[in-house]
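Trainee: What follows is the residue order along each chain.
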Amino acid sequence: MGKIRFTFFLLLQTIFSFAQNTTVTGTVTDKSDGTGLPGVSILAKGSNTGTITDIDGNYELIFNPQQDTAITFSFVGYVSQSFSVNSLGSILNISLEPDNELLEQVVVIGYGTQKKSDLTGSVSSVRGEDINKIPSSSAAQALQGKVSGVQVSSVSGEPGIAPVIRIRGIGTLNNSSPIYVVDGVILDDISFLNSADIESIEVLKDASSTAIYGSRGANGVIIISTKKGKTGNGEYQTINISAEFSLQHLSKKIDLLSAREFAEVVNIINPGTFNNIDRVDSTDWQDLIFENFAPLQNYHVSIAGSSGKYNYYFGTGFFLQDGIIPESSYERLTIKLNNSYAITKNIKFGTDITVAPDKKENPAAVVAQVYRAWPTSVPYNDDGSFAEVFGSGNPLAAIEYTNSNTESVRGVGTFYGDITFLKDFVFRSSYGFDASFSKTKTFTPTFFISSSQSNALNDLSQSVSNFDKWLWENTISYNKEIGKHRMNVLAGYTAQRTSIEYITAGIQNLIGEDPSLWYLQTGDIQYLTATNKSQYNNEPEITALLSYLGRVNYTFNNRYLFTASVRRDGSSKFGANNRWGVFPSVAVGWNIINESFMASSDIFSNLKIRASWGIIGNEKIFYLRQFSLVSNNQNAVFGSGEDLLQGSTYGSTGNPDLKWESTTQTDIGLELGLFNDRLTGEFDFYNKITDGILVDLITPGHLGNGPFATQTFNAAKVLNRGFEFNVAWNHQIGKIKYRIGALGSPIHNEVLALGAAEGIGSFISSGSLGNGQLVTRTVVGQPIGSFYGYEVEGVFQNEAELTSSAIIPGQQVGDLKFADLNSDGIIDDLDRTFIGSYIPDFVYGFNANVSYADFSISLDFSGQYGNEIYNGKNAVRPDLYNFESNVIDHWDGEGSSNTEPRPTAGGTNYEPSDYFIQDGSFLRLRSATVGYSLSNKLLTNWRITKANIYLRGTNLITFSDYTGYTPEIAAETALASGIDLGVYPLTSIYSIGIDLTF
Amino acid sequence: MTSKYTIMFKFITTAILIISITISSCKKDFLDVSPQGSLTEALFPQTEADAFLAINAVYGSLHNWSYWSGGFPILDIMSDDARKGSNPGDAGRLNLVDNFTFTPTLTDIFPWYSALYQSVKSANVVIERIPPIEMDETLKTRYIAEAKFLRAMFYFNLVRAWGDVPKVTTVVADPDLPRSPKMEIYNEIIIPDLLEAINNLPEKNDYNSDDLGRATKGAAKTLLAKVYLYLKDYENASLYALEVINSAQYILESDFSNAFSLTGQFGIESIFEVGARPFEEGPLLGGNQFANTQGVRGVPNKGWGFNRPSLSLINSFAADDIRKDATIIFLGETIDGVFIQGDVATNDITYTDDSETDTLEIECYNQKVWVPGETTVSEWGYNIRVLRYAEVLLIAAEALNENGNSGDALFYLNQIRTRAGLIDFTEAEQTLLRNEIIDQRRFEFAMEGERFYDLVRTGKAPEILGPLGFIEGKNELFPIPQSEIDLSGGAITQNPGW
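Those sequence lines, one after another, are chains A and B.
Read in order, the letters of the first sequence correspond to residues 1 to 998 in the working numbering.
Read in order, the letters of the second sequence correspond to residues 1 to 498 in the working numbering.
Source of the hints: derived by calculation from the structure; they are not laboratory data.
Some hints could be false.
[Stated by the list, open to error] Between beta-carbon pairs, the in silico distance windows are:
1. B:Thr-352 - A:Leu-802: 24 to 34 Å
2. A:Phe-448 - B:Thr-334: 31 to 41 Å
3. A:Gln-773 - B:Val-344: 23 to 33 Å
4. A:Ser-451 - B:Leu-360: 27 to 37 Å
5. A:Gln-773 - B:Ile-349: 49 to 59 Å
6. A:Ser-454 - B:Gly-489: 46 to 56 Å
[Said to hold, decoys possible] From chain B, some residues computed to sit far from chain A (all C-beta separations above 10 Å):
7. Glu-48
8. Asn-246
9. Ala-276
10. Val-299
11. Asp-321
12. Gly-332
13. Ile-335
14. Thr-357
15. Asn-414
16. Thr-426
17. Gly-459
18. Ile-464
19. Glu-476
[Unchecked claim] Which bits of chain B does chain A cover? Going by a derived footprint, with three or more residues having C-beta under 8 Å, they are:
20. 33 to 40
21. 212 to 226
All figures in this text were calculated on a predicted structure; none of them were measured in a lab.
Ideal placement from N, C-alpha and C gives every residue a C-beta, glycine not left out.
Could you put the whole structure together from the sequences, leaning on the hints where they help?
Mentor: Structure follows, in structure tokens:
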């Protein structure tokens with residue numbers, strides 16, 4: 001009975017209260033510039049009713065003066081204000097003051113955050129709008145031209161392909177990719193991340209900032225923080241919806257011979273091939289194959305908010321890209337959930353989780369085919385069937401008969417608890433995971449187009465891979481400010497275990513070709529035993545890592561900065577004799593601007609110098625190299641029945657002394673702010689020596705490891721030295737705000753040592769063109785993976801020149817004349833030399849943003865200078881293929897050309913030489929955006945606080961002399977990069993997008 | 001307030017305690033992750049079954065392509081019996097072998113040297129790691145004896161080719177090992193290994209038929225007789241050869257071609273033979289590319305067509321010698337129902353110059369590696385006959401003649417002649433008989449990789465091979481691969497003249 005009465009009373013009170021509600025209206029402005037502040041949260045304390053300001057900063061709040069005591073205005077980055085209800089009128093205009101403490105940029109560093117001014121290391125940040133500018137599945141694309149010292153190469157226009165990223169040169173002959181730390185989870189790639197879910201990206205470059213990642217930091221560290229619900233903002237909720245639609249278009253066609261030109265050239269090589277060159281068929285294979293406008297769509301919805309104790313961010317995105325090669329595409333769903341809950345003031349738990357299923361339609365390998373196909377061939381026969389295409393096979397048929405799909409799902413997340421104790425200590429334990437499952441199915445039907453393009457028995461290949469990693473990290477940090485002393489101490493312990501397993505199996509002669517039959521048991525079992533060994537594979541890998549880490553940051557009087565860190569890593573990848581490595585760093589900084597003698601300076605607004613030194617490691621090697629393994633299937637045949645009997649013996653020889661590659665890096669930096677930070681600049685000089693680089697060396701034959709068997713040793717040494725600058729000019733004239741920035745970094749890369757001083761261990765040949773030619777060589781004194789071949793001196797003009805010159809046997813008049821560098825009268829391997837490097841001398845970017853009222857324009861350029869490309873697709877010519885158009889100017893009798901040889905298909909003109917080397921320098925308008933912010937009051941009725949629409953062009957203009965689709969030719973392997981064997985063309989992308997915030 | 005802190009303090013202490021305990025308990029072996037999907041050396045061999053795998057693998061190593069003179073049949077190409085063959089452009093560097101102008105960097109030398117030592121290592125695994133295993137002692141003794149026979153054979157190949165070589169008798173070898181004198185290898189490895197093999201191996205007929213192909217007492221004696229022949233210890237050479245002859249384990253095949261044919265596999269003449277199955281894959285599926293390398297090129301497509309019988313060989317056979325036709329495949333022949341058309345892309349006749357008067361070579365192939373069928377895969381099933389009874393007879397004949405016993409020498413020699421369809425040789429004068437025996441070795445073992453070594457060991461190489469480019473004092477031995485010298489920093493020295 002009592003309960004009912006109580007409920008009734010409550011109800012009555014509510015009705016009664018409602019009758020007494022009061023309304024207050026007004027505008028909230030920014031105290032610094034007087035503009036209206038949208039999205040300010042206004043809360044009546046007591047009834048907890050609230051609202052937010054509209055796009056112009058206007059609000060209307062209905063509250064209950066009986067119940068409510070005060071009204072609070074709060075907004076991220078501003079000092080909150082409260083007003084007692086007693087003193088309120090019906091109109092309240094206020095202005096909020098920016099919170100300088102908060103506004104000062106806080107930078108995310110390894111296992112923590114730090115004020116930018118306290119930073120002693122070299123850390124670059126990308127945040128805000130810049131993260132989301134490139135229509136790509138890869139968030140890492142955002143770094144191109146945005147961070148000095150970082151080279152991002154968009155290697156391919158293939159949907160779903162990640163760019164190649166190098167930080168401060170190439171520090172190893174092995175895997176040179178940086179690591180990624182996403183919300184504390186250490187990862188090797190971030191293909192699962194939607195850039196719309198990212199709050200900030202920090203690139204850690206020097207040893208002071210990366211040494212805390214120990215054995216994994218040597219190639220640099222990219223820390224990614226995803227968006228979260230914000231604390232300290234009271235109760236709020238924002239919803240963001242964005243949609244972008246793009247069309248991709250082939251940026252550039254390769255200038256190949258037309259049908260008539262081709263026929264002319266072929267008639268020189270093989271006279272009489274074409275009887276009437278005016279009546280040959282003509283096909284432009286590039287026009288025929290590449291889609292004119294392939295769509296790319298990107299949608300994202302997120303909800304972020306807080307209930308005070310509970311903060312949340314929920315984002316879901318869908319990315320769908322069709323490639324410009326038919327039947328290639330990539331689609332990905334990303335689901336992001338970041339929650340945190342404060343149980344008490346001192347105990348907080350949270351989860352950051354991403355789940356991303358994706359699906360990729362792998363393209364047919366037709367780029368080289370399109371390049372090679374005879375323009376005089378036609379795609380179809382009269383009856384509509386695929387015609388035989390000379391030179392390469394029919395690319396349309398290749399697309400039709402290629403069926404390869406990869407489906408995967410990846411989940412990355414972390415669960416953590418933070419406990420604050422004894423006021424200044426925070427203990428954090430986090431358990432992170434990265435798990436993925438991927439399967440690829442490839443089916444080729446039975447078909448016949450010509451004897452060189454056919455498949456006699458249909459075949460199916462299935463491969464699955466499982467990746468599973470957990471990471472448990474425990475840290476205690478201590479933060480204290482006493483008078484002029486400010487310090488932060490961190491200590492931690494982490495453990496990590498990774499397991500990977502691949503299974504591949506294939507079979508032929510399926511009972512039928514319908515996709516419903518694309519499973520192994522429909523095949524013919526006799527092809528399971530006797531066919532290709534590599535079709536049956538089951539490779540596992542399990543590795544474990546243990547670490548202890550510690551760091552001290554100390555600041556005195558905001559002037560003198562000191563940082564020291566150490567990490568001790570133990571990895572199962574390394575031999576029992578060298579399992580543990582220690583990676584220390586120290587750094588100092590001086591905020592000169594805070595010295596009293598600078599107080600009167602009206603030029604400088606920031607002046608800081610810093611220096612750091614440290615040792616970091618690289619542990620990205622194959623885990624089995626330490627072990628000596630038993631080799632199975634060394635089988636023997638015995639008996640009159642010729643039985644196969646299993647045999648096993650000792651196989652590959654491991655090296656139990658294997659240890660980390662260690663990079664010693666020194667960095668000196670200068671940070672500048674002039675004219676009230678209107679001009680800012682950051683300059684770094686670094687010297688980076690990687691020692692003990694793992695190389696596979698051939699072992700002496702008598703050890704019995706077998707022909708060409710190698711053993712891995714810590715033997716090589718590489719130097720990277722460079723300078724980085726990043727300057728920007730910010731200014732506002734009336735309503736026009738603009739910002740101009742430029743950054744760049746020259747790099748010097750040099751191999752200082754390899755395994756042996758002479759003989760076969762003193763160089764590493766690589767860069768296979770797939771025709772038996774190796775075009776790169778790594779030796780002491782040259783950049784890693786330098787191109788290696790003959791120097792072309794000209795073209796043999798006449799018989800006299802031919803007979804008086806050193807030649808390769810078989811060379812004729814009209815052929816390329818190679819330099820006889822050792823003057824021994826013959827051209828052989830000893831005359832090959834270093835003819836270029838894929839490593840640019842200078843990587844740079846610049847950008848400009850201008851806004852006027854509601855309009856904004858931004859332009860981003862990126863480029864590199866001084867690198868070479870080996871045009872391998874032009875060099876591979878065992879057969880007669882179409883030619884690039886320069887062949888038109890070929891040698892045609894004495895005095896005609898001294899650069900273009902007589903047309904040949906194969907032969908000495910295709911020996912590795914600088915004829916195939918091209919300048920890879922380029923400057924590209926990476927992104928150009930025109931935006932408009934709708935400030936129409938109508939939006940208010942829809943409760944929309946912000947609305948942007950924009951038009952964007954990506955890769956609109958490229959200045960480059962390179963004849964291929966894109967000058968950004970890069971490969972993951974350091975020993976052989978910059979070789980163009982036919983890359984999936986990069987596209988120009990035209991986008992329109994809208995971005996709404998509620 | 002106090003209680004709240006107390007609770008929290010307890011909570012934190014507990015949490016940290018749990019974490020520390022978990023850490024310290026898992027720490028010890030957390031990093032000792034054993035490799036997955038592979039056994040490490042320390043765990044093998046441990047059982048009788050392992051021992052069986054380990055001894056099989058030593059035979060398995062005979063399926064490595066590089067084991068056989070680096071892959072290509074360069075020993076015959078260097079002799080007066082054969083030329084490079086194949087298509088003129090294919091492996092053109094072998095012309096340098098044919099005319100003795102190759103260098104220590106020739107890419108075929110290193111894989112051969114290295115593959116032989118790889119085989120040595122697999123034998124050392126048996127010899128060193130099987131003794132501690134608890135297993136059937138009879139089997140254990142036999143496995144070790146098999147491995148010793150094989151190791152002796154590997155080293156015999158090493159010293160024949162390179163003379164002084166590093167002496168490796170353990171699984172783990174010193175990387176800085178220098179070369180040991182040839183005689184030390186003979187006296188400390190080859191001869192003792194063979195003597196132990198002779199003591200502990202069963203005769204061929206004592207194995208059951210499933211084990212044909214394993215090393216036998218007869219094989220060990222044959223190899224030892226051959227070793228003594230090379231060492232010019234004719235007493236011992238004839239001793240062991242006669243022991244084999246008197247063992248009643250072997251007789252000559254009545255049809256010469258069955259000494260090599262598919263039907264003659266593991267036959268009555270075969271003393272040591274490498275079994276193979278027709279699969280285009282080495283040890284994994286039991287195939288052997290040896291014959292495919294030399295098989296008919298073109299139509300039928302049996303192989304690459306290397307090792308082309310020379311005009312010298314073709315013209316040296318006596319007219320009624322049945323071995324000529326059984327050794328050489330001529331174009332236009334029909335063998336086992338297959339018409340031999342050959343490679344249309346190469347000339348049927350190659351002349352010495354443009355005038356086309358002097359014939360340099362004619363397109364023909366090695367018939368000893370012929371396997372019936374029209375496919376390459378059949379060639380992979382060819383069983384290499386490493387030692388056969390005909391050689392025992394000729395070793396006996398040669399050794400007996402050198403010992404002054406020409407009567408017995410003629411007796412064994414004429415068994416070979418008779419089968420070849422020739423009348424008996426009756427000249428008992430030592431030098432004439434010696435020359436006849438060497439000639440018979442040429443016709444009997446043509447294209448089997450013996451000729452070059454026979455010419456070198458009998459001192460006839462400068463005279464016969466000189467016109468082909470052979471340089472006395474240099475070409476008796478192969479060069480040590482340049483890479484070995486580079487890797488050793490000079491501790492491994494080069495052979496004279498190279």
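Trainee: Among the hints numbered above, which are violated by the structure, and what are their numbers in rising order?
Mentor: 5, 9
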